[in-house]
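Novice: Take a look at the letters that make up each chain.
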Amino acid sequence: MNKDIVSIIQKDQLYNLMLKGKRADGRAFDETREIKIETGVIEKAEGSARVEIGDTKIIAGVKISPGTPFPDTPDVGVIITSLELIPLASPEFESGPPREKAVELARVTDRGIRESGAIDLKKMCIIEGEKVWMIFIDIHVLDDGGNIMDAAALGSIAALLTATIPAERYGLGEDAPLPIRDIPVSVTAVDIGGGIVFDPSLEEERVANTKLTVISNQEGAIAGMQKSGNGSLSPDQINHIVEVACKKAQDIREKFLEI
Amino acid sequence: MTDKPEKFIDENGIRSDGRRANEIRDVKIEVGVLSRADGSCYLEFGKNKVMAAVYGPREVHPRHQQKSNRAIVRYKYNMASFSVEDRKRPGPDRRSIEVSKVSREALENQIFTEYFPKSAIDIFVEVLQADAGTRTAALNAASVALADAGIPMRSLVSACAVGKVDDTLVLDLNKNEDNYGQADVPIAMTPDGKITLLQMDGHLTPEEFKQGLEMAQEGCRQVYELQRKALIDYYSKKTEVVTEATTAEDVKKDAPEEPEDVTPVDVTEDTEETEKIDDTNEIGVTKETDDTKEPGDTKATGDTEETEDTVKTGDVEELEDSGEEVPETGKNADETYGQMDESEEETSNE
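Order-wise, the sequence lines are chains P and B.
Residues 1 to 259 (this note's numbering) make up the first sequence, in order.
Residues 1 to 350 (this note's numbering) make up the second sequence, in order.
The set of hints was computed from the structure by calculation and includes no laboratory data.
Wrong hints could be hidden among the right ones.
[What the hints assert, rightly or not] Computed spacing ranges between beta-carbons, pair by pair:
| hint | chain 1 | residue 1 | chain 2 | residue 2 | range |
| --- | --- | --- | --- | --- | --- |
| 1 | P | 100 | B | 69 | 18 to 24 Å |
| 2 | P | 127 | B | 12 | 40 to 46 Å |
| 3 | P | 91 | B | 63 | 17 to 23 Å |
| 4 | P | 101 | B | 81 | 23 to 29 Å |
[Stated by the list, open to error] Result set (DSBU-like, lysine-lysine): computed pairs, CA atoms no more than 35 Å apart in a straight line:
| hint | chain 1 | residue 1 | chain 2 | residue 2 |
| --- | --- | --- | --- | --- |
| 5 | P | 20 | B | 67 |
| 6 | P | 122 | P | 255 |
| 7 | P | 20 | B | 210 |
| 8 | P | 131 | B | 175 |
| 9 | B | 210 | P | 11 |
| 10 | B | 101 | P | 36 |
| 11 | P | 57 | B | 194 |
| 12 | P | 122 | P | 63 |
| 13 | P | 20 | B | 194 |
| 14 | P | 247 | P | 57 |
| 15 | P | 22 | B | 101 |
| 16 | P | 101 | B | 67 |
Remember, predicted model here, so these are calculated numbers, not experimental data.
C-beta: ideal position from N, C-alpha, C; glycine also.
Let the sequences and hints guide you as you build the complete structure.
Specialist: Structure, rendered in structure tokens:
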């Protein structure tokens with residue numbers, strides 16, 4: 001209840017700012033917050049990354065181990081992505097099994113990695129039909145400052161880029177870097193009273209009815225999309241978000257490739 | 001599962017199931033098919049078969065979920081274990097949780113939830129057979145079921161997918177195209193063009209997406225016309241019959257000034273009806289008899305034409321049978337509450 005009232009007041013304030021072409025933190029509508037990426041933060045994991053977007057902090061860990069492939073895809077590796085909104089990240093998060101918000105974030109992150117073909121899964125087969133490498137991507141949200149989605153997607157690909165296949169540990173040959181072919185980047189925008197703002201902060205996310213995430217690949221094509229929230233968007237708004245998101249993703253990727 | 005075909009579209013631009021790129025599959029919509037639900041819809045979209053039911057506005061369980069200023073909307077998408085080739089493990093998985101979330105969000109804003117504070121509108125969709133595009137089929141059915149339940153809405157929501165196979169954009173993917181295609185974009189929109197659901201996976205350039213979005217909008221418009229037609233057909237038939245029935249009853253009765261004691265001829269029918277209800281719950285009989293009259297009337301409505309043709313006594317039984325299948329919210333008010341508790345318990349267990 002309390003939260004609802006606050007968000008109505010905030011909605012008013014942010015809407016009025018939007019009409020003047022401003023955002024609460026002074027950013028331009030299509031300006032993202034500062035991004036920090038640090039990789040190799042967890043030695044025990046095969047790959048890891050800590051990502052900060054403004055106040056938002058997430059940590060992504062990749063574990064790789066041999067396992068049985070799915071019967072319908074006997075010759076490719078397996079990706080399993082999960083995301084937890086642990087209670088230390090926000091007073092609104094509760095412990096327990098992932099709720100729909102966490103499930104959605106995990107599935108959209110997974111979609112970006114999978115559909116862009118970021119990992120060459122054919123190379124992750126050890127013995128067809130019997131043994132393949134299983135890649136577990138686990139994302140822990142440490143601080144919810146808004147736009148967990150983009151941070152999670154960024155964290156997962158950053159962790160994968162630095163991951164090694166622990167073949168020696170399992171007596172399966174030499175360790176090798178994970179075969180990465182593409183770098184999907186997720187860019188999210190929200191609709192605040194008709195104005196589209198990118199990389200929403202927590203308060204923007206809270207007052208917005210509609211959110212659209214666009215995940216694009218290296219060549220600027222779209223690999224995944226997800227509309228979230230109970231509002232609606234016009235085709236023009238969607239096309240605008242797609243256009244800006246693909247461009248933004250390219251910028252982020254360039255910065256990103258330097259690591 | 002069938003293997004990937006060499007070509008999805010032949011040289012004449014015809015797809016494996018005989019459609020052109022911009023054609024949707026055959027759609028069949030039946031309104032008001034369930035007796036206990038406040039609104040329901042059975043829908044077939046190609047080989048997809050889905051059943052949607054709407055309950056509410058009704059009390060919120062668990063109570064802490066209720067909102068003081070509006071109704072909450074709950075949407076549950078569930079796939080039957082036999083709906084797919086390899087048996088699906090029953091119960092919600094991560095996929096159906098996500099589908100339920102985005103589908104709810106696609107409908108929520110079209111419902112005037114502010115009219116029903118502290119209540120819940122529950123939408124249940126059961127996928128009985130799946131053949132690519134179940135979330136759009138489910139959403140189409142749910143939207144019609146909401147209308148059938150008489151829930152005030154800003155508009156219907158119509159959904160359709162667009163995808164890419166053989167580097168060509170196609171509307172409403174079939175199973176093979178979905179499994180082996182290059183992209184899948186489920187979209188839902190309102191008749192005035194607001195997009196309320198949008199997901200995408202695969203590979204599309206921004207130009208292709210733009211074009212695909214236009215195709216999908218056209219698909220949604222076609223679906224909308226079908227939904228609208230199904231609702232109009234169902235309700236126009238219903239009202240016609242009701243008017244006929246009232247006149248027929250009036251002639252029989254010959255005593256319209258005493259509405260409390262109508263149908264003295266059908267005493268047997270009434271008592272039987274009351275007995276039945278007494279079995280299920282034991283609440284004041286007097287009130288019950290009042291209620292039973294209503295369905296009695298409507299029952300007659302269902303089969304007026306037959307009544308005129310056949311012998312009266314034989315008819316009473318027939319009418320009762322059919323009457324039970326007619327969704328009648330007034331009749332089973334108490335029973336409905338009983339059932340509500342059950343189903344809510346189920347939900348809270350998860």
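Novice: For every hint, state whether the structure bears it out.
Specialist: Here is what the structure says about each hint:
Checked against the given bound of 18 to 24 Å, the beta carbons of residue 100(P) and residue 69(B), roughly 22 Å apart, stay inside it. About 44 Å separates the C-beta atoms of residue 127(P) and residue 12(B), a value consistent with the hinted range of 40 to 46 Å. Checking the proposed 17 to 23 Å range against residue 91(P) and residue 63(B) shows it holds: the Cβ atoms sit about 22 Å from each other. Distance hint for residue 101(P) and residue 81(B): a CB-CB separation of about 27 Å, consistent with the stated range 23 to 29 Å.
Between residue 20(P) and residue 67(B), the direct Cα distance comes to roughly 33 Å. Compliance with the 35 Å bound is thereby established for this hinted pair. Pair hint residue 122(P) plus residue 255(P) holds up; C-alpha atoms about 29 Å apart against a cutoff of 35 Å. For the hint pairing residue 20(P) with residue 210(B), the CA-to-CA distance comes to about 29 Å; that is within 35 Å, so the pair holds. Among the hinted pairs, residue 131(P) with residue 175(B) is consistent with the structure: their alpha-carbon atoms are about 28 Å apart, no more than 35 Å.
About 30 Å separates the Cα atoms of residue 210(B) and residue 11(P), which keeps this hinted pair within 35 Å; it holds. The straight-line distance between the Cα atoms of residue 101(B) and residue 36(P) is roughly 31 Å, inside the 35 Å bound, and the hint therefore holds. Proposed proximity of residue 57(P) and residue 194(B) is supported: the alpha carbons are some 34 Å apart, at most 35 Å. For a cut-off of 35 Å, the pair hint linking residue 122(P) to residue 63(P) stands: about 18 Å separates their Cα positions.
The suggested pairing of residue 20(P) with residue 194(B) holds, with an alpha-carbon distance near 25 Å, which does not exceed 35 Å. Restraint check: the Cα-Cα separation between residue 247(P) and residue 57(P) comes to about 24 Å, which is no more than 35 Å; the hinted pair holds. Among the hinted pairs, residue 22(P) with residue 101(B) is consistent with the structure: their alpha-carbon atoms are about 31 Å apart, no more than 35 Å. For the suggested pair residue 101(P) and residue 67(B), the alpha carbons sit about 19 Å apart, so the restraint of at most 35 Å is met.
In this structure, every one of the numbered hints holds.
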